[in-house]
Every structure is written in structure tokens, then in C-alpha cells.
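Residue numbers (my numbering), protein chains in the order written: chain A, 1 to 233; chain B, 1001 to 1783.
To be clear, the hints were calculated from the coordinates, so they are not data collected in a lab.
Ideal placement from N, C-alpha and C gives every residue a C-beta, glycine not left out.
Some hints could be false.
Claimed, not checked - Straight-line alpha carbon distances no greater than 16 Å define the calculated EDC-like cross-link-like pairs of lysine to aspartate or glutamate that follow:
#1 A:Lys111 - B:Glu1695
#2 A:Lys111 - A:Glu84
#3 A:Lys111 - B:Asp1692
#4 B:Lys1511 - B:Glu1606
#5 A:Lys76 - B:Asp1692
#6 B:Lys1694 - A:Glu75
#7 A:Lys76 - B:Glu1695
#8 B:Lys1766 - B:Asp1643
To be verified - Facing chain A, from chain B, some residues (calculated, C-beta under 10 Å):
#9 Leu1347
#10 Arg1437
#11 Leu1442
#12 Gln1452
#13 Phe1686
#14 Val1688
#15 Tyr1691
#16 Gly1702
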Amino acid sequence: MSLHVNGVSKTFESGRAKVEALKDVDISVAPGEFVVVLGPSGSGKSTLLNVIGGLERPEEGSVSIEGDTISSFDEKRLMRFRREGVGFIFQQYHLLGTLNVSENVETGAYKVSDRYRNEEIIERVGLSSHARKYPHELSGGEQQRVSIARALVKKPALLLCDEPTGSLDESTGKSILSLLQTLHETLSTTIVLVTHNVNIAGIADRVIKMSSGRIVEDFYNKEKVDAHAIRWH
Amino acid sequence: MQSAGISIYIKLAWRFMKARWLTFLLLGVLLIFSAMLYTSAEESLTALEDSSDAYFEETRQEDFSVDVSQALTDAERDRVAFECDVGASDLTGLYLADRECFESILEDRLNGIESALEDTSLEARLHHDLSFDMDGEQHRMRILNDAEAINLSYIEAGEKPGPGEIAILSNYADHHDLNVGDALLIEGESYTISGFVLFPDYNLPVFDYPLLLDTTHRTLALLHEDDFFNRGGPEVYYSGITEREEQEFEEQLTPWFFATNPFVQDVTPTTYNIRSGAIYAEIEAGSEAALFVALLVGFIAFAILLLLLSKALKQSRSSFGVLKALGVPPRAFSLPLLTLVSLYALLFLSVGYALGILFAPWLQDLFLQFYLLPGGEITFQPATFAAAALLPLALLVGLFFLVINRMLKARAIDMIVPKISDFSKVSFRFLHRLLRRLSFILRLQIAFITRQMGKFSLFLLGMVAAAFAGFLSLSMVGVLDRTVPAYYEGIDVESKGYCEAVCVEAPDGEKAIETTVRLDGDHMELYGLDAEQSLHPLVDRDGEDITDALTEGLVISESVRDLTGLSVGDEVDLRVANYTKEMEVRAVADVYAGNFIFSDRVVLAEWLFADPDAYNVVYSGELLDEAGFAQVIHTEDTLEHMDSIHDVFNAFLAVFIISALIIGLIVVYLLSVMSVEDQYYPLALFKVLGYDNKEIHRILLGGYTKASVLALLISIPFSMVAFNLLSTWFMRMYGFAFPLSLKAWHVIVFAVLFSVMAYLGMLSAKWRINRVKLQRALQIYQE
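The following block holds chain A by itself, in its conformation from the complex (with noise of 0.2 Å):
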């Protein structure tokens, strides 16, 4: 799956102050890429992430996923792109407190006919023994497992993750860390993260850097590690 973000800006209204939130930003990702979108808070990291997962709108410049215009669609393609073609992972992981660890996975793959079986994809998150749990019955880094499986399912082009270790003690968050890296390996899924820790940009395959709406710096990843080798703090 390939991405490209060309001459996105984005403004948000604070009160009378306008906030520029993306300026002119352009990105290429090829498909299968692992890309870190690393910065500060108030960087725009996460507003890029929003309009490459057709969350938010662009003002300017367009985002296009293989070949698609999706700045361009109407809501109701929008959605179907969001149903089938994208996956998300939160920092807070926004499970259904109501709903059991195969049950939140059904959620991701609703009308999807080409997806992983729940039993499946559970069990690529290391929770077989869990489905029939509810979310807080679970640890921190067993609700993201099950926010990953959830986004996984349906077999995405595109996987979007914004901070998901950002809620995580270390261990926790390099086994998540781990996890993505096996998912990314085995299922060859393109994969998004944005993230202000500075370590986690080890394990991937390119690492953007971004600052005030800008990016600041776009580069490959020579010497990429083992999550679970990298320093946290």
C-alpha cells in the first residue's frame, strides 16, 4: 500500500487565535514501511495521523493511499475507508467496557469479507486464553494487545498508531512494541506510529521528524533494533 500526503496544511481555531497545526507538510510511504512520526507535543503529529486515517479534513494539499484521493471523498466513502481500508490504535486503547475481548475484535471487521478469523488474530496477540474476558478484567498492555487485534482484523492496508505506549510502563510498552514489530513482519502491514519518545524511533524502517507542523527531518533507518533493546527513557 502506498501513501502519499502532498502539501497538507491544517489550521485549528483556539478562541480568537488560529493554531497551524500542519503546514505544508509532503510524505511518501511505500508499502510495508514502518514509519515513526516523532515529536514534541503540539508538533502535529497526531493531526497527520488524523488526516491520513480521514479523521480530519485538509485545508490544503491532498492525501492519496494507493492511488485513492481520500482528502477528496465524501463522508460516506470516507467511512467505508475507514471500515475496511485503515486500523486504529489509541494511546487509552477506547475499548468497549461492555463489550468481551472478541466481541471489541468484532468490532474492527464489521461488513469486512476479507479479514482474520477473531480466534485468529486473538491469538496472534498472545490473548487466546483472554477472549471471553472483559476489558477490565485485563492489564494496561492486555487492552492494547486486544485495541491492536481489533485493529489487525481486518486484514488493513494501513495501520495508524497514535502514542500506543503512551499509557504504559516500560515492559509493557516494549512487548507492545515487540508485537507490532512481529505484526509488521509476518502480515507485511504499512504501519503509521507517532510518538514524542525519542527511543521508540529505533524499531522502525524510516523515522519522520516533525515540529510545529513541519517536518523537520526524513530519514531511513540504518541500524534498526529489537524492541525490546531499546532504551526507554
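With chain A held as given, fit chain B onto it using these hints.
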């Protein structure tokens, strides 16, 4: 630091309320209703009770009354023949022949009782009943003698009548614009109105059948002694005062009266006497009903208010956690919200109280349309204000503290860290296997409902209560038309001609017997009808003709069934005076006009008159001439009288119907809004995951929509059972039929209103949710 925190939380509380202005406004309306209903009933009834107690004491209201036979006993007949040389067979005849002898007989009857019962005193209550025309309509009047020791006359305005004068009821005078000094023409004689009078033994203007409570067409009156006795032979009963307790009286004295005094037909303690004692039960039942309704409405309002507050607190959980971690005491942020909400609630409760005070005189007047009592002054009662406004407020504050203290007991760090909502440990996992084959959306709908049983139960309960309130209000439309008017519409009797004792040479018509009878201590109207008669058919609830059942035994009205719980096949003992007869109930007639028992006329004639051809009433399909009868009652007049009574009742019912409907619909709206708001987070998540609005609404709201339909369906049989119980309760409490029943149109009309309000509620909440962007919604929820 602390004052800054308070100021922030005042702003937060204000914003919270402002964002939900419609919800809070509707809650305010519920609070107003609650306080208003309680205050108006409590104030009006307390004032009425106080003034009545004073009035009854001042006028020495009877403790019991003794109905006596107007016919002379064999011994009396012998005595008047021997001592007075008069051949009279009844009191009226004796009075016309020899007034002194008449008074001597009354005195003897009274002395016989008083000498045996030292702690009991009696006084003969004499009265004349008459009919007269006014403005082309038939009016009825009962003229009572001016009592000396028991049931003293009470002059509300003006003076007691002198010769040629009359005192009447002020209610009756008001209806006809009559004032003191005006002339009143009665049976060709003109009387000047000297004043307005009340009698303590007639709190209801009931003095003959049918039991009309109509002061438009009937009045009590007081005449000067000379005028009273010049009107001819009066009818008599005795009023009594006793030192005995009611239970002792019932168990010991009543049997003694029947056994020892052959002229006694009935003995009724005041409490059970509809003309004088109904007010006690009504005031008590009125207070209880008002308290119940006010509590119900108040409970719904407070439950919703507490849910809202609890939700607000939960949404601010992490903010509270931060402040707590910084050392700010919990009260710094709980107090502002509580203060603001309490002030708001107090404002609306006070408005409700003020409106209640405003409506109390109106409600009291409504009672005084029927109850012949001096009105009481409505004054500010601190206890009522405390119960209507302060008590609910204290309850709210207390519960709020319980909720907030429970939440704030958690460690600061636990409050800051987002918490995934858990649910009841009650396991619904067994459902999982059963539901596997259902569609994904349906399974999710069921999951959202069954795993939030607390919220769902509240929702279901609230919706059932709202639907019940709606059905109740609609079923009251025209409820009174199902009583006396429906009865008369079902029969072809245009006139009833009543004879003195028995009819001898009555004009053409169908023979019938009407008398009062006691059944297990309750007074009933006993009708003797011929099975082959045509003017008074009997039909059951299904419309089947059951007139033939008269040949097999008794037919009771629905009112009697409600009152006594009797059913077909039961054996009952009917008692007239000291004579009893056992008969079997064979059918139940669809009649709510009163406590009617129908029997074969021939059977009654043999029992009561020892003559199978005897009868005391003539039914006619045409208007009977009054000549030849002691009294003629035309159906048309009865229905006209009922109309004027119904006008007053209907005004009261209209207020109740509209109130219940508004309350029901407000509850539907509020619960719908809250149910949708509870789905705020999943709604946003599903949007992010690419579900369209239609699918999201099906998943999240479909379950609640189905639950609403379920609530509506549950409320139908629930309402039917409850209406039956209410009708029975009404009958047993008040002695009046209030035949509530649920019709198909009630369900259809309310289902439409219910759906519209639920839809508007959901629409309103969805509109507010849709204004928030997806990502922001997700962030806000778990911040």
C-alpha cells in the same frame, strides 16, 4: 488555591447546567409538579379537616344513626288504637291524625333505647322530602327540623328562619344566584331566605336514590318549627351519640338494636355513613393519594437529577483526582456544584409550593362543591413547606454527599488514571452461546443492554412508569360517563314511579322492587326485576344478555364485585332489617352506577312482602305522571343532574390527566436523552472505526428503542391489572365506582406520543453529540 478551585468549580457547575438547560428545565417542571401537588392537597385538606373538626364538635355531630320503619309495629298499632283512638298504620298517618300521639310514639321508641343504654342518647331526626320546579327543572329539597341536642343546625350566614322564612345551602344559592332576603317559591308557597345553613349529619347532599351529589338541583333546608310541622307528616330516623368505642358499638350494640327494637331497620356508625362520614375517608385517602403522587413524581425527578449529578462527577473524576493530589479538600469542588443544584432545586420547589398555595383554595372549593362543610382558611404552614421543599432538598443533599463521598474515597492516583467502566458481576455469559447465531448488530444491542443492567433497569422502570402515567391519564377520559350515564343508556326506563310502601293501583308499566339491603355490613341497592321484563335488560362485560340469570339467583353489578370481591357461585346473606336470606351469585352485570344487586322480583316479593305479586316501583318506557306515586324520577333529569356533577369532576380530572401526561412525557424525554448521552463514547468510537450513522444508531440505540417498545408492552398488562386494583381500591375507599379500563385507542394515542417524545429526546442528545468532533470526543471521554 482553595478559593480559586471553588470559583472554577462554580463555573464548571454552571456550564454543566447550562449545557443541559432543557433537561434541567424539565426536571424543574417535575419538581414544581411534585411540590405543587403535595402542597395544594395538604394545605386544602388540612384546612378542611381543621375547620370540619371544629364544626362537628360545635354542632355535636351524631356518632351513629338509626333508620326506623315508618310503619307502626303491631304493638304500636294496638297502642295508638287503644290510647289515641286512631287507626293509623304508619307514622305519617299517625301524625296527620294525632300529632301528640305521634310524638308519644317517637318518645317511647327513644326512651326504650335510652333506658337500656345509659351511655347513649338519641334524638328523633324529622324531615320532609319534596320536589319543586324552578326554571323548568325539577329540584329536590330535604327540610330538616331544628335539632335540640344532636346534629345542631349551623348558620353560615344570615339568621335562623322565622315564620315564612327558610334557610338553604349556600352552594345551592350560589348556583342560582340567590341571596339572603330573596324569595324562594316551593310548591306554591313563597319563603324568604333568612340565611344559609349546614347540618353535620349531611356532609354530602345525599338523601335519596340515586345517590346524586348535586347541589345544583338539590338542597337541604331549615324552616321555622311552625312551618315545618304545618307541612304534614314528617319521616323519621334517630341520630345518636354514644360513649362506646366504634368496634364495641358494631359488635355489641348493633345486634342489640335489631334484637330488641322491632322498628329498627338499620344502624350505621357515622364513619360508614356516606351522607355524613365519607369525608373522613376522603380526607385521609386524598392526603395519601396526594402524598403518593407527589412522592412518585419527586422520586422520578430526584432519581434523574442524581443520575445527572453523578454523571457530572464521573466526568470530572480525573480533574478531582488532580485537585485531590494537590491537597485541595473534596468539598472545595463538590460544594459549588451541590450549592448551585440545591439553589436551583429550592427555587423550583418553592415555586411549586407557592403554586400549591395558590391552587389549594380551588381544590378546597372542589371538595366543598360536594361536601357541605364550612371552608377552612389556607395559611402558610411551616410543616407543609418543610415537607414539600426542605425535606426533598435535604434528601437530595444527603444522597449527593453519599455519591460524591463514595467517589472521592478513591486514591487521587486512581482518580487521575482513566478507568474503564466495568459492569455488574452478574454474568450474562450464558447468553453468549445462545446468541451466537444472531446478527452482529443484534448481539451488540443485547450486550449493551444486558451488561448495563443498572442503567437498563432504571430506563425500563422509568419508561414503564411513564407509560403507566400516560395510560392512566388517557383512561380517565370519560371515566365518569361509564358510571351512571352508561347504566341509563343500557336500559330503556324513562321514568321510575315510587309508591308508598307497596304499589296498589299503579299506572301501567313494568313491576319492580327497589330497596336497600345490607351485605356484610355494606349498604347495597336491591332491585327486584322480572326475568321476562324488557325495560331493564342486564348484560355482562362481553355484552351478553344475562337477564335470565335472575331466575337462578342474584346478579351483582361490577361495582359490587369490586367492593366485595364476590364472584359467580358465591353464596351471600342479604339482610333487610333483622331478616336475612341466603342467595347465590349467578352473574355479574356490566354496571358501575352503584352497588346494585339484582334479583328475581317474585322471590323478593315473597321474602319482603309475603306476596308474589307485590312491587313498590313502576318502570316505564315513557314519562310517568307524578299523580299516583309518592315520587317519580325521570331518567332525563337524573342524567342532567349527573352532567352538572361531572362538569366539576371533569375539571379536576382534566388537571390530573394533563399533569400525568406531561409528567409521563417529560420522563420519556429525559430518559431518552440520558440513554443516548450514556452512549457518547461508543458512539464516537464506532464513528472512528468507520461505521455509518445508521449502523451506529442501530447498535447503540436499537436496544433502547426495543426496550422502549418492551416497556410499552409491559405497561399494557401492568396497567390493566393496576387499573382493576385502583378501581377496587376506589370503590372500597370512597364507595364510588371509578371504572378505569385500558382501551385500544389509549394504547395507540399514547404510543404515538411516547414515540414522538422518545424520538425528540434522542434527536436532541444526538444533535449535541454530533457537534463534537470524533477525535475530541474520544479524548474528552477518557481525559
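Each hint, compared with the structure:
no.: 1; hint: A:Lys111 - B:Glu1695; result: holds (11 Å)
no.: 2; hint: A:Lys111 - A:Glu84; result: holds (8 Å)
no.: 3; hint: A:Lys111 - B:Asp1692; result: holds (12 Å)
no.: 4; hint: B:Lys1511 - B:Glu1606; result: holds (14 Å)
no.: 5; hint: A:Lys76 - B:Asp1692; result: holds (7 Å)
no.: 6; hint: B:Lys1694 - A:Glu75; result: holds (13 Å)
no.: 7; hint: A:Lys76 - B:Glu1695; result: holds (12 Å)
no.: 8; hint: B:Lys1766 - B:Asp1643; result: violated (49 Å)
no.: 9; hint: Leu1347; result: violated (33 Å)
no.: 10; hint: Arg1437; result: violated (14 Å)
no.: 11; hint: Leu1442; result: violated (13 Å)
no.: 12; hint: Gln1452; result: holds (6 Å)
no.: 13; hint: Phe1686; result: holds (7 Å)
no.: 14; hint: Val1688; result: holds (6 Å)
no.: 15; hint: Tyr1691; result: holds (7 Å)
no.: 16; hint: Gly1702; result: violated (14 Å)
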